[in-house]
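Residue numbers (our numbering), protein chains in the order written: chain F, 1 to 142; chain S, 1 to 270.
It cannot be assumed that every hint is accurate.
[Claimed, not checked] Computed from the model, here is a short list of chain S residues facing chain F with C-beta under 7 angstroms: (1) W7; (2) A8; (3) F19; (4) W27; (5) V28; (6) I33; (7) R144; (8) G147; (9) M231; (10) L235; (11) R241; (12) F243.
Source of the hints: derived by calculation from the structure; they are not laboratory data.
Built from N, CA and C at the ideal position, the CB exists for glycine as well.
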Amino acid sequence: MQTDLNAPLDHEMEKASNSYLMSLLALLVGAPLPIINLIATLIFYLGNRRSTYFVRWHCTQALLSQLSVFFLNSYGFWWTISIMFTDATLTNEYVAYVVTVGLFNVFEFISTLYSAIEVRKGKHVRWWIIGDITDQLVKEHS
Amino acid sequence: MKSNSLWAIIILGGFVALFFWLRTIDWVGMFNIEQHTRDTEQKLGDLFWEHIADEGEQITDSFTVATMDSLVHRLCDANAIPRERIKVHVFRADVVNAFAMPGGHLVVNSALIADCKSPEQLCGVLAHEIGHIELRHVMNKLVREIGTSVLVNMTMGGGDGGQIGEVVGVLSSKAFDRDMEREADLKAVDYLTAAQIDPHPFADFLYLTGNGESEEAFEWLSTHPSSKERMEYVLEEIGKRQFDVKPVIAVSTWEQLKTNMETADSLESH
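Just chain F, same shape as in the assembly (with noise of 0.2 angstroms):
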């Protein structure tokens, strides 16, 4: 999952590693609204986006693994919603996938808080897939 890079440097490695601390942060100010850790990266990668090839590169995988389950959620959510305010009734579908959603989302927390303490220390920590989709993304002399 990991292979390491030129050593970067530490302000590099700090900001790296917030971009995904931010989106943990994010989720847990905002966990009901699914949008907001969203949101939250998509503004650090924006504020960020001229920096190093090592910190785009992981601004831009963060903004990537958000935007993976903010589909999920926000399906569940708006699921929810019509449960609570309109007569959609409450199923074991829909219980499956609170459960399910619930369980991806445990593994996509624990992922980014790795990502976030591996980053920290230098190591360049690759999603599956994602990490390929950045790679198409992000040019190290763009």
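Given chain F, work out where chain S should sit, using these hints.
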């Protein structure tokens, strides 16, 4: 990269498989959700009923109670509806109205009974409202208009008198949607024919009272879809069926009930 993709597919596939496995579990049964829903509905119904009972004057003489009970009994027995589920209350009021509430409470105004030309017409209205109760339209309407969170909060003592009054207002004066009204009308035909009660007077009631009478006085009709349209589809439904009919109650009993209601109305208007 190949290995990474394989892992990603395994993990994503694992989550999809987990979802499909979890959905085979009967969560609704496991957490007794339907029973909780019924309990909430019952609590809400009792809460609204207490409010209405405080605001209006209920007619509780033994003759009216026994006569209304015999009509509801006949509809319930013939349609396998537990009799104790439907609680009929007759109110002294000069507005022609009847409405269903959560928990099986069914409120009928004296003016509506006085306006019916026959016991079959009254049974039609009762069957229609029982239809709303049995088809769970009442809670669906409330959830749409008010929201689950507010309703649950009310059952926990979170609603004040004004808020409860507003909800009762929604129940008594706002229509169900068109599909629900149609469904309840057709259910009423089901109930009436099963109980060997002639459903034609119900269609007449829809049409006659919706034409040439004051809209304000006929709240029950003003909150429902076009009377003509309803009469037409009710008659069409009746035309598809074969059924026997038997008298509902003795003519003298009906006359006495009407007289009692007209007296109640005149007392109300004074």
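Here is what the structure says about each hint:
no., hint, result
1, W7, "holds (5 angstroms)"
2, A8, "holds (4 angstroms)"
3, F19, "holds (4 angstroms)"
4, W27, "holds (4 angstroms)"
5, V28, "holds (6 angstroms)"
6, I33, "holds (6 angstroms)"
7, R144, "holds (6 angstroms)"
8, G147, "holds (5 angstroms)"
9, M231, "violated (28 angstroms)"
10, L235, "violated (30 angstroms)"
11, R241, "violated (30 angstroms)"
12, F243, "violated (32 angstroms)"
Figure legend: structure checked against the earlier numbered hints; hints not met, in rising order: 9, 10, 11, 12.
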